[in-house]
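Asks: One letter stands for each residue in the lines below.
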Amino acid sequence: MSATTTTTDVTIDYLLHLADNAVVLGQRNAEWCGHGPVIEEDLAMANISLDLIGQARLLYQQTAARMGGDVTEDTLAYFRDDTQFRNYTLLELPHHGPLVGYARTDRDYATTIVRNFLYSALMVLVWEALQRSCDDELAAIAAKSLKETRYHLRHARDWLVRMGDGTDESHARAQAALDHLMPYTQEFWADSPVEAAAAAFGLGVDVKTLRPAWDAIVDDALAEATLKRSAATGYVTQGKNGLHSEHLGYLLAEMQCLARAHPGAQW
Amino acid sequence: MSATTTTTDVTIDYLLHLADNAVVLGQRNAEWCGHGPVIEEDLAMANISLDLIGQARLLYQQTAARMGGDVTEDTLAYFRDDTQFRNYTLLELPHHGPLVGYARTDRDYATTIVRNFLYSALMVLVWEALQRSCDDELAAIAAKSLKETRYHLRHARDWLVRMGDGTDESHARAQAALDHLMPYTQEFWADSPVEAAAAAFGLGVDVKTLRPAWDAIVDDALAEATLKRSAATGYVTQGKNGLHSEHLGYLLAEMQCLARAHPGAQW
Amino acid sequence: EELLARFEARIAADGRIEPQDWMPEAYRKTLIRQISQHAHSEIVGMLPEGNWISRAPSLKRKAILIAKVQDEGGHGQYLYSAAETLGISRAEMLDALHSGRAKYSSIFNYPTLNWADVGVIGWLVDGAAIMNQIPLCRCSYGPYARAMIRICKEESFHQRQGYEALLVMMKGTQAQRDMVQDAVNRWWWKCLAMFGPPDADSPHTAQGMRWGIKRISNDELRQKFIDATVPQAEVLGVTLPDPDLKWNPERGHYDYGQIDWDEFWQTVNGHGPMNKQRLATRVKAHNDGQWVRDAALAHARKQQQRALKEAA
Amino acid sequence: EELLARFEARIAADGRIEPQDWMPEAYRKTLIRQISQHAHSEIVGMLPEGNWISRAPSLKRKAILIAKVQDEGGHGQYLYSAAETLGISRAEMLDALHSGRAKYSSIFNYPTLNWADVGVIGWLVDGAAIMNQIPLCRCSYGPYARAMIRICKEESFHQRQGYEALLVMMKGTQAQRDMVQDAVNRWWWKCLAMFGPPDADSPHTAQGMRWGIKRISNDELRQKFIDATVPQAEVLGVTLPDPDLKWNPERGHYDYGQIDWDEFWQTVNGHGPMNKQRLATRVKAHNDGQWVRDAALAHARKQQQRALKEAA
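Protein chains in written order, with our numbering: chain A, 19 to 285; chain B, 19 to 285; chain C, 70 to 381; chain D, 70 to 381.
It cannot be assumed that every hint is accurate.
[As the list claims (entries may be wrong)] For each label pair, taking beta carbons as the anchor points, the in silico distance ranges come out as:
#1 D:Lys129 x B:Glu58: 25 to 31 angstroms
#2 D:Asp164 x C:Arg375: 54 to 60 angstroms
#3 D:Glu332 x A:Glu242: 33 to 39 angstroms
#4 C:Gly326 x B:Glu58: 38 to 44 angstroms
#5 A:Glu242 x D:Lys129: 54 to 60 angstroms
#6 C:Arg219 x D:Asp164: 55 to 61 angstroms
#7 B:Phe97 x D:Ala95: 58 to 64 angstroms
#8 A:Gly282 x B:Arg84: 29 to 35 angstroms
#9 A:Pro281 x D:Lys222: 43 to 49 angstroms
#10 B:Glu58 x D:Asp164: 14 to 20 angstroms
#11 C:Glu223 x B:Thr227: 52 to 58 angstroms
[As the list claims (entries may be wrong)] The calculated DSSO-like cross-link candidates involving lysine-lysine, where the alpha carbons are at most 27 angstroms apart (straight line), are:
#12 A:Lys246 x C:Lys371
#13 D:Lys172 x B:Lys165
#14 A:Lys162 x C:Lys129
#15 D:Lys222 x D:Lys172
#16 B:Lys226 x B:Lys246
#17 D:Lys353 x B:Lys162
#18 C:Lys172 x C:Lys353
#19 C:Lys353 x B:Lys246
#20 C:Lys378 x A:Lys246
#21 C:Lys353 x D:Lys293
#22 A:Lys226 x A:Lys162
#23 D:Lys172 x B:Lys246
#24 C:Lys172 x C:Lys371
#25 C:Lys172 x C:Lys378
#26 D:Lys371 x B:Lys246
#27 A:Lys246 x D:Lys353
#28 C:Lys293 x A:Lys165
#29 C:Lys293 x C:Lys129
[To be verified] From chain A, some residues computed to sit far from chain B (all C-beta separations above 10 angstroms):
#30 Ile30
#31 Thr93
#32 Asp124
#33 Glu155
#34 Pro201
#35 Ala218
#36 Gln256
#37 Glu272
No wet-lab data here; the hints were simulated from the structure. Glycine included, every Cβ here is placed at the ideal spot set by N, Cα and C.
All chains should be built: construct the whole structure from the sequences, respecting the hints.
Replies: This is the structure:
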């Protein structure tokens with residue numbers, strides 16, 4: 019963070035972090051459309067994805083307004099490279115266990131549910147706090163997003179409990195997904211100059227202060243799901259600071275291919 | 019084929035068909051690199067892929083030379099859309115059974131082997147005939163490619179026999195792959211104005227005349243593999259005429275993403 | 070006999086049959102076949118458009134497309150519920166789909182090859198579906214009629230959205246216009262075939278008409294669709310790929326060319342470009358999801374047992 | 070005793086030990102560990118670069134990359150063969166890898182995040198590997214020494230290709246230059262750590278030296294690598310991300326900053342960014358390939374039985 023960084027720069031970077039989270043997870047969840055385990059879950063994933071894309075649009079629109087020039091929600095989503103994305107690494111992972119970027123395997127619904135649970139448990143707290151942001155537009159987006167995210171959390175939590183306290187297979191799959199994904203939650207609490215600056219002037223929230231509340235949500239759900247809380251240790255990912263996994267490049271290649279093949283076109 | 023079509027146009031379209039076949043199958047086979055069933059097969063697939071990419075380069079270079087202007091092997095491979103590709107549909111399919119374009123599942127080596135067998139059985143005949151093309155450059159590429167393709171055919175045939183005459187599981191997988199892919203071979207013999215025109219003036223080969231020889235290669239191998247020849251019936255795909263499956267768009271999105279993100283860059 | 074007479078009288082008076090009412094077995098079977106086939110079509114129909122969600126070229130279009138595909142899933146859901154009122158379970162219907170005994174609309178056995186396909190499916194495929202479905206809003210079986218009212222309303226919305234997306238593309242670059250024309254070329258004839266074989270060859274029509282399940286013939290609906298669509302194509306600026314298409318002032322309708330019924334029957338009979346892929350994808354989703362459904366059931370049972378224990 | 074004396078004399082005279090020769094059990098074990106670890110590194114090392122094959126930005130670079138990754142697989146193959154001469158099977162070695170008992174070079178536990186990573190891996194990672202490996206061409210164990218001669222030749226070729234690819238990118242657009250600098254920033258320190266812990270903390274060095282398996286210490290090799298690389302970086306026009314890096318005329322070497330050994334050990338001990346992903350991918354490939362290997366075995370057995378029957 020250089021001395022010349024203005025609050026506008028921080029606001030832009032902070033909004034991008036929130037928007038990139040929403041668009042990347044929205045993109046992932048929508049992959050289930052037509053492939054879900056039961057129609058109701060196709061609908062639920064579509065719904066969650068729609069909410070997230072909607073959040074991303076509002077946040078990118080705010081960002082674009084502050085950047086000025088020709089920037090639009092779509093230039094931000096479609097014409098930035100992976101190193102410019104500021105989403106949590108957790109959200110870009112494919113719907114399966116740990117494999118390299120160009121491996122191929124079946125999608126696993128337990129991975130999807132556990133990720134949505136871990137992330138929405140954080141975001142209900144983040145949006146709640148951001149309702150009090152000094153930025154009125156962000157506060158308004160937070161209020162709207164909070165309602166949606168409460169539903170996402172309830173949906174994921176209900177399934178986490180069903181899986182954990184369901185069959186032996188579902189328990190094992192949920193536990194494996196938790197073991198795989200929990201280390202990525204370390205990134206939530208990791209230092210980020212943008213988050214620190216945004217919290218400092220009342221735009222953002224100091225995520226570290228939310229940790230006890232997040233722990234309580236997680237522990238409570240895991241207890242009900244009869245799952246063991248996996249260690250969140252080891253490598254701390256840095257997606258929110260622009261250092262991603264091998265997966266984001268593929269996700270964006272697909273997401274952006276058509277828009278980039280027709281630069282400047284209106285849709 | 020309009021009356022104004024010149025032999026240069028036909029030559030360009032015919033070379034593109036051959037080149038697109040090679041690049042698309044080369045791209046698919048290389049996906050096994052690091053994921054093969056045994057190191058020797060990683061090496062074999064890499065080798066086949068290298069030969070195919072090499073063939074594609076020579077063919078695209080010839081095409082580019084005849085098109086003139088700024089056209090290069092790379093603009094042809096990286097800056098054409100899927101509807102402009104003229105490869106057989108068979109070659110763009112992912113390494114698994116019949117699923118829609120955005121399904122995800124494990125790669126299946128039986129699909130890979132059966133495809134390589136069906137295609138290289140055709141191409142040894144095509145290259146052999148094209149050694150007598152009236153186009154000296156194409157005849158030279160054919161002579162080189164024939165040697166490589168004989169190896170590809172031997173490799174695929176050996177594995178087809180091992181799988182068919184191996185375990186119950188491998189037999190079932192090979193048969194399923196054959197049942198899945200055989201209908202796509204109808205496209206080999208389907209009408210194509212470009213192929214007809216190319217054959218007419220001695221540039222290309224009338225693929226239909228190769229069918230008995232192809233049948234003999236296939237029947238002989240299937241007999242040794244104790245596999246049942248699946249029916250080649252139903253829908254006749256039209257990739258060579260530019261009408262593809264849902265899979266090519268994804269293949270090209272990945273293959274072209276980096277080149278298209280940096281138009282005009284040299285690598 | 071008296072029951073049958075009362076049933077027929079109610080139909081003749083344009084009254085509604087409700088689940089608790091007596092109905093002839095053949096009526097019940099016909100409805101189950103038709104409603105479940107319609108439900109399957111909605112579910113399978115999620116796949117061709119779902120293919121473009123990840124690549125939608127703007128966030129607005131991505132959101133519209135997700136919402137649309139979601140609506141299709143929702144339609145499938147109500148239609149399965151409507152069929153369940155006739156005494157069949159969703160599991161039985163899905164089993165019939167997955168084993169190939171039940172059909173779904175053959176239009177979904179074609180691939181979606183460029184982004185404009187999404188708009189063209191909205192405009193033409195949904196347009197044709199609405200033509201087929203509007204008369205069903207007055208169908209004699211109450212739950213089906215009510216489901217169709219809701220579905221038709223949403224489908225009309227999708228149709229307008231599809232058409233609007235195409236208008237924007239046609240005002241865009243040459244590449245965008247080419248995509249639209251390419252999509253129209255591929256889908257036009259297939260949409261005409263959606264109304265089913267010519268009346269002369271259509272086996273189910275007569276009985277369906279008598280029972281108030283079907284109310285307008287295939288050929289009439291097809292003509293209505295063409296008459297409504299040609300002016301829309303003109304506004305859009307696309308060419309419908311039929312050289313024989315022209316206004317016939319004597320008939321007061323557009324004349325049109327020969328539909329390739331061989332291609333239609335080949336696809337209906339399982340040999341279209343995507344029949345295997347569509348069905349195998351649904352079967353895979355169902356099989357891959359078995360453990361998830363099992364988990365929900367097992368958990369519900371555990372919950373119930375715990376509640377019983379506490380109550381005891 | 071006499072055998073040991075003869076063995077030690079041969080080593081002292083810089084002679085070669087061959088598979089049929091007597092050798093101390095500890096020497097055999099050390100070699101098996103080192104050669105199989107080296108083989109595993111080649112195989113796992115296919116994954117980071119393999120990640121870019123499908124997206125290589127020109128057909129020429131795609132071909133070069135496929136050939137390179139193929140060479141790595143080939144190196145793995147000869148090294149497994151060299152280790153097999155010491156009385157261990159490939160299956161045992163793979164099992165040790167897949168169960169986490171055997172290690173592979175920790176450098177492959179980092180992701181490849183942009184196309185320039187491919188060039189930088191060639192230039193820096195292969196460059197560091199060659200520094201480590203050239204002394205092994207004179208290693209006391211014959212089959213390993215001969216494998217290393219071939220491998221070093223190919224690795225040098227890869228290193229030049231990687232450097233050449235970076236030169237082209239640095240002469241290109243600003244975006245290309247940024248990619249190269251980003252890749253250098255991410256890989257530089259990790260490459261310095263490839264030479265292993267400082268000599269003071271390195272447990273295997275002394276014995277390895279005495280047995281003619283290791284011939285130059287970690288710190289000497291690291292210094293040699295830095296001294297060779299700094300001028301190459303200058304020609305390329307990239308900044309090596311070490312503010313303390315500068316020529317020390319008294320030492321006749323470049324001074325350099327502190328390596329983050331905590332990060333190194335964390336990754337070695339399984340907690341790098343890609344440890345799980347790399348290993349799980351290899352395990353999956355092996356497990357998914359079981360039926361293929363089984364088929365080959367079953368077919369070979371059938372062939373053999375048929376041959377025996379015919380002979381009888």
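Asks: Confirm or reject each hint.
Replies: Now the hints, each set against the structure:
1. D:Lys129 x B:Glu58: 25 to 31 angstroms: holds (26 angstroms)
2. D:Asp164 x C:Arg375: 54 to 60 angstroms: Violated, at about 45 angstroms.
3. D:Glu332 x A:Glu242: 33 to 39 angstroms: Taking Cβ atoms as reference, Glu332 of chain D and Glu242 of chain A lie about 38 angstroms apart, which means the hint holds.
4. C:Gly326 x B:Glu58: 38 to 44 angstroms: Violated - the Cβ-Cβ distance for Gly326 of chain C and Glu58 of chain B, about 57 angstroms, lies outside 38 to 44 angstroms.
5. A:Glu242 x D:Lys129: 54 to 60 angstroms: holds (57 angstroms)
6. C:Arg219 x D:Asp164: 55 to 61 angstroms: Holds: the Cβ-Cβ distance is about 60 angstroms, inside 55 to 61 angstroms.
7. B:Phe97 x D:Ala95: 58 to 64 angstroms: For Phe97 of chain B and Ala95 of chain D the Cβ distance comes to about 60 angstroms; the hint holds.
8. A:Gly282 x B:Arg84: 29 to 35 angstroms: The hinted range 29 to 35 angstroms holds for Gly282 of chain A and Arg84 of chain B, with Cβ atoms some 31 angstroms apart.
9. A:Pro281 x D:Lys222: 43 to 49 angstroms: Between Pro281 of chain A and Lys222 of chain D, where Cβ atoms are some 45 angstroms apart, the hint holds.
10. B:Glu58 x D:Asp164: 14 to 20 angstroms: For Asp164 of chain D against Glu58 of chain B, whose Cβ atoms are near 18 angstroms apart, the range 14 to 20 angstroms holds.
11. C:Glu223 x B:Thr227: 52 to 58 angstroms: Holds, at about 55 angstroms.
12. A:Lys246 x C:Lys371: holds (19 angstroms)
13. D:Lys172 x B:Lys165: With a Cα-Cα distance of about 40 angstroms, the restraint between Lys172 of chain D and Lys165 of chain B is violated, given a limit of 27 angstroms.
14. A:Lys162 x C:Lys129: holds (18 angstroms)
15. D:Lys222 x D:Lys172: Roughly 24 angstroms between the alpha carbons, so the hint for Lys222 of chain D and Lys172 of chain D holds.
16. B:Lys226 x B:Lys246: holds (23 angstroms)
17. D:Lys353 x B:Lys162: violated (36 angstroms)
18. C:Lys172 x C:Lys353: holds (17 angstroms)
19. C:Lys353 x B:Lys246: holds (25 angstroms)
20. C:Lys378 x A:Lys246: OK: Lys378 of chain C and Lys246 of chain A at ~26 angstroms, within 27 angstroms.
21. C:Lys353 x D:Lys293: Status violated; Cα separation ~56 angstroms.
22. A:Lys226 x A:Lys162: holds (23 angstroms)
23. D:Lys172 x B:Lys246: Distance ~45 angstroms between Lys172 of chain D and Lys246 of chain B Cα, so the pair is violated.
24. C:Lys172 x C:Lys371: With a Cα-Cα distance of about 37 angstroms, the restraint between Lys172 of chain C and Lys371 of chain C is violated, given a limit of 27 angstroms.
25. C:Lys172 x C:Lys378: violated (46 angstroms)
26. D:Lys371 x B:Lys246: With Cα atoms ~19 angstroms apart, Lys371 of chain D and Lys246 of chain B stay inside 27 angstroms; holds.
27. A:Lys246 x D:Lys353: holds (25 angstroms)
28. C:Lys293 x A:Lys165: violated (45 angstroms)
29. C:Lys293 x C:Lys129: violated (32 angstroms)
30. Ile30: Correct as stated: the minimum Cβ-Cβ distance to chain B is 22 angstroms, above 10 angstroms.
31. Thr93: Holds, since 14 angstroms exceeds 10 angstroms.
32. Asp124: Asp124 of chain A not clear of chain B: closest Cβ-Cβ about 5 angstroms, inside 10 angstroms.
33. Glu155: holds (31 angstroms)
34. Pro201: holds (23 angstroms)
35. Ala218: Its Cβ never comes within 10 angstroms of chain B, the nearest being 35 angstroms, so this holds.
36. Gln256: holds (22 angstroms)
37. Glu272: violated (6 angstroms)
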